[in-house]
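Trainee: Protein chains in written order, with our numbering: chain A, 2 to 300; chain B, 103 to 760; chain C, 598 to 912.
Simulated from the structure, these hints should not be mistaken for laboratory data.
Some hints could be false.
[As the list claims (entries may be wrong)] Below, computed lysine to aspartate or glutamate pairings styled on DMTMM-like, alpha-carbon distance capped at 20 Å:
| id | chain 1 | residue 1 | chain 2 | residue 2 |
| --- | --- | --- | --- | --- |
| 1 | B | 545 | A | 194 |
| 2 | B | 689 | B | 714 |
| 3 | B | 220 | C | 907 |
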Amino acid sequence: MSNTAITPPERADITRFFPVKTVMALRRNRFLSNSKMIGALLILAPLGLLILCAPLLPLQAPLQTNLMAMMQPPSLEHPFGTDRMGRDIFSRTLEGVKISLQVGLSVAALALVVGMLLGTLAGFFGGLIDRAIMVIVDIFMAFPSLLLAIGLIAVMGTGLVPVVMAIAIADIPRFIRLQRSLVLGLRTRAYIDAARTVHASQFWLMSRHIVPNSLAPMLVAASISAANAILVEASLSFLGLGIMPPAPSLGNLIREGQLYMEQAWWISTLPGVVILLIAISFHFLSDGMRQALDPRSRK
Amino acid sequence: MIHQGEITAPLLDVRNLRTEFATDGGTVRAVDDASFSIMPGERIAVVGESGSGKSAMAMSILRLLVYPGRVVAGDVLLEGTNIAQLSERQLNQLRGRSVGTVFQDPMSSLDPVMRISKQMTAPIMRNLGMNYKEAHAEAVEWLRKVGIPDPERRITAFPFEMSGGMRQRVMIAMALSCRPKLLIADEPTTALDVTIQAQIVEILKKLTSEANTAMMFITHDLGLVARLADKVAVMYAGRIVEFATVEEIFAAPCHPYTQSLLRTIPSPTALNTSRLPQIPGLPPDMKKAIQGCAFRERCRAATDICAREAPALTDRGASHVAACWQPEGLGSSPIDAQPDRALRRNDGPFRDRVIVEINNLNKHFVSSSFLSRTKRNVIRAVNGVSLRVRQGETLGIVGESGCGKSTLARLLLGLEKPSSGEIFTEGLTQMVFQDPASSFNPKMRIRSIIEEPLLVKRKGDWRTRQARVEELVKLVGLDEAHLDRFPGQLSGGQLQRIAVARALALEPSVVVADEPTSALDVSVRAQIINLLADLKQELGVAFVFISHDLLTVQYISDRIAVMYLGEVVEYGPADLVFNSPSHPYTKALIDAVPIPDPAREAKRASAVLKGELPSPLSEISGCTFATRCPLATEQCRTEKPKLRQHRKSREAACHYAK
Amino acid sequence: MLAYSLKKLLQLVVTTIGVVMLVFFAMRLIPGDAAAAMAGDTLSGAALERLRDQMGLNDPLLVQFWNFVRGLLVLDFGRTLTTNLPVSDLIRSAAPITLLIAIATIILAIAIAIPLGTVAAFMAHKGHKTLDNLITGLAMIIDLMPSFWTALVFLLIFSLTLGWFPASGPISWDDPYSIVMRLALPILVLSLSQVAILARMTRTAVLEVLSEDYVRTARAMGWSELRVLFRHALKNAALPIVTVVGLSFGNLLNGTIIVEAIFTIPGVGTVLINGINSRDYQLVQVLMIFYALLFVFINFATDILYRALDPRVKF
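Assemble the whole structure, with the sequences as input and the hints as a guide.
Mentor: Okay, here's the thing in C-alpha cells:
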C-alpha cells in the first residue's frame, strides 16, 4: 500500500477492506477473470450460503409435517409449496441439495484418486499391469453407467454410502482411461527424457512430471463427474434405489411428487430445476477450469 | 511504384493491403500497408520469419483467411479485377482457375478420405470443361509432369498411401492442372527433406516457366530465394521492408534487417574462423501497437526518427525500394555490439582423447502383425554405426529424416537400449532437445528446471544449488530475472538457452544437441549457434550436433558424420567433407542445399538426386544408397561397402571412394 | 480389415466372459445370500434351506457358475421367483419394446442433431457466434436436465394437461396406433438428450475438420462453401460421429430404464426394476448381462463401421 496517495477517493472505501493490490490481483487471477467460473460461483455460492444458514432461516424443518398446510402451492411462507404431509418443499430441497453435493463431491474425489492411481500405473509401466487394468476397465465399461450403478446397488443395498460407492465404481473406469491416455502422451515429452538422462527414479518422474501435468485435465473431468454423479444419484433415488425416504434427496422429492403431478405440479418440478442448476454450475466450473488451466491461455 | 519502364500491365497488383487478427491479447496487425505487384510470368519470393505476416498476406490475396483473421483495407487487382470487391461466387470462379495454390504441409493438405483421382479431376472438369475421361487423362499427364512414377496406377491411391514429397507433387499438379496465371506457393518445401526440396523446386521452376505462370513463393529460406526468384519482398513485423530484384537484394541490400539476415547465414565458402554475426533481441510483440520502425530495437543504425515515425518505402534504385530512414541502412557497421571473437577449432591439448566410443551399434525396431507372428517388420533405425567423439570437439551428424540420427542420439543418452553393439562414454552425457516447447515441464519455474539434475543427483545443499543455478543462467546469457518465470513466458530462443543451462548443470563431458535450432527463427538461430561455440571453447565440453541443416553443421562442427538409412556413409573433418565429399550421397546432399547467392546458384548444375528414400522396411543387400546413386554399378547392388579409411583422417562407405 | 475385425472380436469375447463372471460373482457377494435376501424375514430355518436347494445355492460355486453359463448358452435363464414365468419369455416380450424405443430415438436424434451441429460448427467457423452460442448453450442445458424430470414435465404438459398422448394403457403389437401413441413421448424425451449430446459432438468434429488444411485446399480450388462442407468436412467428420453414436448408446440405455419406469412401459428396464424390488437376483443378473452385451455389441459394430468408412485403415 505504498500508492495510497494516487488512489482515487471513491476507491478508498473498498481498499480499506481489500488493499488495491489484492483487488487487482483478483481481477487478474485467471480463475476469477473467467465468465464461466463466475457463473458457477453465482449459482453455487448462494446455494451453499442457504444450506449453511438454513437453521437460522424462518423455515419449517425438513422432516416436520404440518397437516394444516398440505399440498399448498408456492407462497412467501413456503417458497416451493408443501407436500401431501404438509412438509415444506423448500427446506426439504435444501436438505436434498446438501445430499447431492455430498454425493457429487465424494464421487468426484474417489474417482479422481483411484483413477489417477490406476491410470498412472497402467500408462506409465505398460506391459502386463497395463493389460490387466485395461481388461478390467473394459469389462466395467461394458455396462451403461446407470445400469452398473443399479446393479451395484442391488448387491450393496441402498443408502448414502452404497450410492456413492456404486456411482464412483461406475465412473472410475472412465478416469483410468483418461489418466492413462494423458500419461501416454506425457511419457514421450522431452522433459521426461531430460530427467531420465540424469537417471531420475520412476517415482520422481511420476510425482514431479506426470501427475502435476495430468492434474488439470483430470480436475476438469472430476468436475463433470460431480455433475454426472448428482444426476445419477437423483435418478437412482427416483427409481427407489438410492437414498431412502424420509431422507429428502432431490430424486426422492421428485419421486414423491410424481403421484400428485396433476394436483401439485410444484412438488416434482421445482426440485428438478434445482438439480439442473447444480449440474449446470458444475459444468460451468469444468469449462472455466479448462479455460483457466489451458497453458495456451496463460501468458 | 516499381514498375517503371515496364510495358505490360501487372498480373497482380496489391495496394495498401492490411490484414488483422482479433486475439484475446489484442488485435494483431498481421499485414500492414503492403503494396507490390507481379508481372506475368514473374517469380516473386516473399521472405520473412514466422509471424512476419508473409503467409497472412498470401492468404489475404485470395481471401482465404479464416476467422478471426480478416482483410481490413486495401485492394488486390488481378488483371485489373479487384478481388476485394468480388462476390463469393465470382471469387470461386477465380480461385483454382486464375490462381493456383500450394500449401506448406503436404501431409494434411489433401483430403484423406478421397482418392487422388477425384480430387484432381473435379477441378479440371469444372474449369476446363472436360468430361471425366479427358480430365482423368489430363490429371495423369500432370502427375507425370511433376515426376510421379507410374501415374496411371498412383492416381487411384489415397493420399495416405504416398510420401510427403509425392503428396506435394500431387498438390502442385492439382494447382497447375487448371492452367492458372499465378501460382501462390506458401512454404511448399519447408516440411520436406533437402534432396526432395531440391526436386520440388526444380519442378516448380520448370513447369511455371514452360507455361509462363507467375509465381509468388513464400519462404523463410534465403537460399531458396536465390535459387528461384526474380524479385524478392522482405517482410518484417507485417510490413514489406524491402523489395528488389534478387541480384540487388543479395548484392546491395538496403534495409538493416535484410543486411543482418544475410550476414547471419553461415557461408559455405568462408573459412568460418570468426563468430557468426547475430541479430540481437527478438521480433516485436505483434499484439502491441508498434510505434515507429518495428526493427529499430534490434538495429545498430537506429536514431531518434526511427522511434518517432515508421519509414515508408522509398526508391533505392531502378527497381529497388526499402523502408529505412538511413540511406545506407547499416552500411558497413557490424550488426551486433559484441565484438567478433575468433572461433577456434578444436586444437587444445586433449584433442585426441576419445571420450565417446561407439562400436558397431545397432538399433532395430521390430513390429509383428496380429495374425502371423512370423511375418515381422524390422526397421533398422541404426545399423552398424561406429563413431568416436573426442574431448572438446563438436561432431556434426547430418542426414535426412529417417536416417536414424535422432535414434542414435537417444542411444547415446541411454534413452533407448541398443539391439547390439557398445557405447563407451567417459563422464556424463546430456541433451538439448529440438522442440523448446516440450522440453520443459510447463508447471515448473525455470529455477526448478535448471535445479532438477542437481536435485536428482543430490548435489550440494539448497544454497550451493541456487548459486550453481544462478551461475548457469548467466553462463547462457540470461539473467536471474528469468529464473522465476514459467517456460510459457519465455521465447523459443531463451528456452533453448535454458535447455543448454540444464544440460550443463552436472558438468557433462558430452552434450548431444538434436536439431537445437530448427524450431527457431532465422534471426535467433545464430545466437544459439554462437552460444554453443562459445561454451565449447570456454568449458571444453564436447558437442554432438545433430541437424539436417548442412550449412549450420558445417559451420559449427570439427568433424562431420553423414548418415543414410541408419548407417554412417561418410566421416571426416568438416571442411574437407563439405568441400570435397567422398561419398556420392554427401555430394548430392551438398548440391541440394540452396546457397544464398544468386550468382552461385545460377552456375550450379540442376542435377538433383533422383527418387526418394527407400522404405525403411525393405531389405537391401548391397549399398543402401545404390537405388538412388548416379554412379551405382552391379557391385554396389550386391556387395555392401564398409566404412573404410580412404584418405588421411577420412572415411567413407563407398566402393569407389578415392 | 479382417485382422482388425478378428482382434476386435477376440476382445468382444474376452469382455463378454468378463461381464458374465463379474455379474455372477458380484451377485454372490450379496450379504447373506440371494435366497435370504429374497425371502427377507418371511422364511426361516428349513424353509429357507429348501429355497436354497431349489435355487442351487448349496452346490459348489463352480458348479453353480457352470450351470449359469450353460443356461446362458442355451438361452434357458430359469424362471422368475415371484411369478414363476420363464425369464426367456419375459425378455422376449420386453426386449422388442426397449429396442424399438432405442432405435427410433437414435434415428430421430441423428436426423436432428447432425444438421444442428453442422450449422453450429459452420457459424462458429465463420465467427458468427450468436447462433452457435444459442445451439451449444441449449444443448448443454438439455443434456444436463435429469431425464426423469424432463419426462415428468412432458407427462404433465402433453398427457395430463393437453391430453395429446395417453399416460398409461396397454401396448400391443397388433395395434400399431397404441404403440405410436404410447411410445411417442418416451422417444421424444430420450431423443432430446441424445440430440443434445450428438449435436455438441457433431459441432466439435465438424469445427475441427473445417480448420484442416485440406478444407483450405478445397476452398483455394474454388469450390463453394456448401460443396466444401458436404464433400469434405462432413465426410471426414462422419468418422468421429460414428464413434460418438456408439458410445452414447450407453446413455440411451440408461434413459430407457427411466422412461419405462415413468411411462409404465413393459420394457426390459421395468422388468429389471421389478426384479430388484422383488429381490429376484437370478432375473437381475440375466438382465444385467443382456444390457451389457447389447452395449458391447453396438460398440463393436460402430468400431467395425468406423474402420470400413476410413480408407486409411486397410490390412
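Trainee: Of all the hints numbered above, which does this structure not satisfy? Sort the numbers upward.
Mentor: none
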